[in-house]
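Asker: For reference, the chains in residue letters:
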Amino acid sequence: MVNIVIIYDKNDNVLGDFFCKCRSLLLEISLNNKIDISVVDECCIDATQLADCLSKVNENNFLFCGFLHGNSDSMLINSGDKLISTEINHYLLTNAFIYTFSCHCGTQLADALIKNNAHTFWGYNAEAYVCNDYIDIFAKCSLAGYKYFIEGNTISRSEELMVEDINLALDELYLKNALVAACLMDNRNAMVVKGDKNLTIQDFQVAKL
Amino acid sequence: MKKDDVSIVFIDDDIKFIEDPVLEEARELFQNVEFISDSNKAMEYIDEHFSQKMIIVLDMKFSGSMPNGGEVLKKVRDLTHLIPVIIWSGNDVDKSELSDLFKNKAFAFVSKSSSSADLIDAISKAYSSFENTIICAIEDWIRSHPEDSLSKPFITSLDGKMFTLGDVLTEIRMQTPMGLDMAKKLNNLTIDLLMRNKETL
Numbered sequence: 007m008v009n010i011v012i013i014y015d016k017n018d019n020v021l022g023d024f025f026c027k028c029r030s031l032l033l034e035i036s037l038n039n040k041i042d043i044s045v046v047d048e049c050c051i052d053a054t055q056l057a058d059c060l061s062k063v064n065e066n067n068f069l070f071c072g073f074l075h076g077n078s079d080s081m082l083i084n085s086g087d088k089l090i091s092t093e094i095n096h097y098l099l100t101n102a103f104i105y106t107f108s109c110h111c112g113t114q115l116a117d118a119l120i121k122n123n124a125h126t127f128w129g130y131n132a133e134a135y136v137c138n139d140y141i142d143i144f145a146k147c148s149l150a151g152y153k154y155f156i157e158g159n160t161i162s163r164s165e166e167l168m169v170e171d172i173n174l175a176l177d178e179l180y181l182k183n184a185l186v187a188a189c190l191m192d193n194r195n196a197m198v199v200k201g202d203k204n205l206t207i208q209d210f211q212v213a214k215l
Numbered sequence: 457m458k459k460d461d462v463s464i465v466f467i468d469d470d471i472k473f474i475e476d477p478v479l480e481e482a483r484e485l486f487q488n489v490e491f492i493s494d495s496n497k498a499m500e501y502i503d504e505h506f507s508q509k510m511i512i513v514l515d516m517k518f519s520g521s522m523p524n525g526g527e528v529l530k531k532v533r534d535l536t537h538l539i540p541v542i543i544w545s546g547n548d549v550d551k552s553e554l555s556d557l558f559k560n561k562a563f564a565f566v567s568k569s570s571s572s573a574d575l576i577d578a579i580s581k582a583y584s585s586f587e588n589t590i591i592c593a594i595e596d597w598i599r600s601h602p603e604d605s606l607s608k609p610f611i612t613s614l615d616g617k618m619f620t621l622g623d624v625l626t627e628i629r630m631q632t633p634m635g636l637d638m639a640k641k642l643n644n645l646t647i648d649l650l651m652r653n654k655e656t657l
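Protein chains in written order, with the working numbering: chain H, 7 to 215; chain A, 457 to 657.
No lab work stands behind these hints, which were simulated from the structure alone. Only a predicted model underlies this, so the values are computations on that prediction, with no experimental measurement involved. Please note: incorrect hints may appear among the correct ones.
Covered stretches of chain A (chain H as the covering partner; in silico rule of three or more C-beta atoms under 8 angstroms from a C-beta of chain H) [what the hints assert, rightly or not]:
hint : region
1    : 605 to 613
2    : 643 to 650
Negatives, chain H to chain A, calculated, CB over 12 angstroms [what the hints assert, rightly or not]:
hint : residue
3    : 41
4    : 44
5    : 110
6    : 118
7    : 166
8    : 190
Positions of the beta carbon are idealized from the N, C-alpha and C atoms, including for glycine.
Chain H extracted, bound-state conformation:
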C-alpha cells in the first residue's frame, strides 16, 4: 500500500478551480494504476492539523502532493497562512516524496526539506503560471511527472518523460497561442527536482496497518 497525502487550496479565489482540477487528476491517475493507496485528502487545513495528519504516516515512506500557493520558504494556504515552512515545520516531511505545484518553493524550502530527510522534492524554483482558457492542458502537464512515477518509472526518468510531454504540448500550442505556449515553457524551465531521483513507486510501498 502507498500512503498519499494530498493538500489543495480549494477555496483560493484565483486558482481554486485549478488546484481542484489538479487534485482530481492526481486521484484519477492514482486510482487508474491499480496501486493500493491510502489517501489523506484535505482542502481546509492549518499547520497544526497538518502535523496531526503527517504524524500518522511519516515514520515510513509516503507521497506528499501539494496544490497551493507558495514562496521561497513556504507553502501557503487560506490566503497566505504558512502550511509548510522552513521556520515552523519543515521536519514533518521526513520520508516524503514531495510533488507540488507551488511556485518558488524549489529554492529554500526544497533545500530545507531535503536536509531534513525528505527523499525528493519536485516543484518550481520561480513563478509558475496558469493560462485561464487552457487549465486542462496546464493541469495535465503539471501532473505528467507524477503519472510516469506512478506507472513505475524512476523519478529521474519521470522527469525526462514530463519534459517530453510538455514539449509535445508546446508544439501543438504555439501556433494557436504563442503567449500561452511561452508561459507553459516557462513552467517547464522553472521545474526543479531535488534529492534522490532513483526511487520508484515500489520504494513507497508500506504494510497495511
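Fit chain A to the given chain H structure using the hints.
Answerer: The following block gives chain A in isolation, referenced to the frame of chain H:
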C-alpha cells in the same frame, strides 16, 4: 499604396506648421496624422492613446505656461519606452536639454531647417525600429483579438496575480517587469523551438 498602420502625432505650438508640406507627405505614407498645438492637450492625447502604435514629432520650445518638449518627452517615457519621439526643433538645444533628451531616449533630432525628406526619413526609421521588435509582434497579436476577449482573465501566476489580455498589452507598453518578462518568454520560446528544430530561421 498601403499606408503604414501608425499614428504620427506632430506637437508644435506654431500653427503655421499645420500647412507644412511634410504633414501632407506623412498623410500619404501613414494611416493617421495628428497636429496638436497645445502641449497640455498633447499629453492628454498621449495618455488616452498610448496603447496604440504612435510616433511623436515634437517641438522643443512652447509659448506661455505650456510644458516644453523635454517635459512632454519625460511624460511619454513615464508611460512607455515604446513610442519613438523625434525632436523637431527650430532652435539649438543646450547641453542640459541634450542630456535630458538622451536620458529619455529621444529617437532622433531633426532641425526644422532640414528638408521634409529628412524628417520623413527619420519617421520611417522610427517606424521600422519598433515594427521589427518582438514587442510590436505581441501587441499586434493581442490587438487582433475581439474587444471583449481582452477583458477576460488570461493568465494567473501561482502567487495569485491575474492578468487579462488587455492588462498584458498595457504591461508590455509600459515596459513593466511583467511586460518585459512576457517579451522575454516569447524570445525564449522562439529559441526553444529553433533549438528543437520545430522552426527554422
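Asker: Against the structure shown, which of the earlier numbered hints fail to hold, in ascending order?
Answerer: 5 and 8
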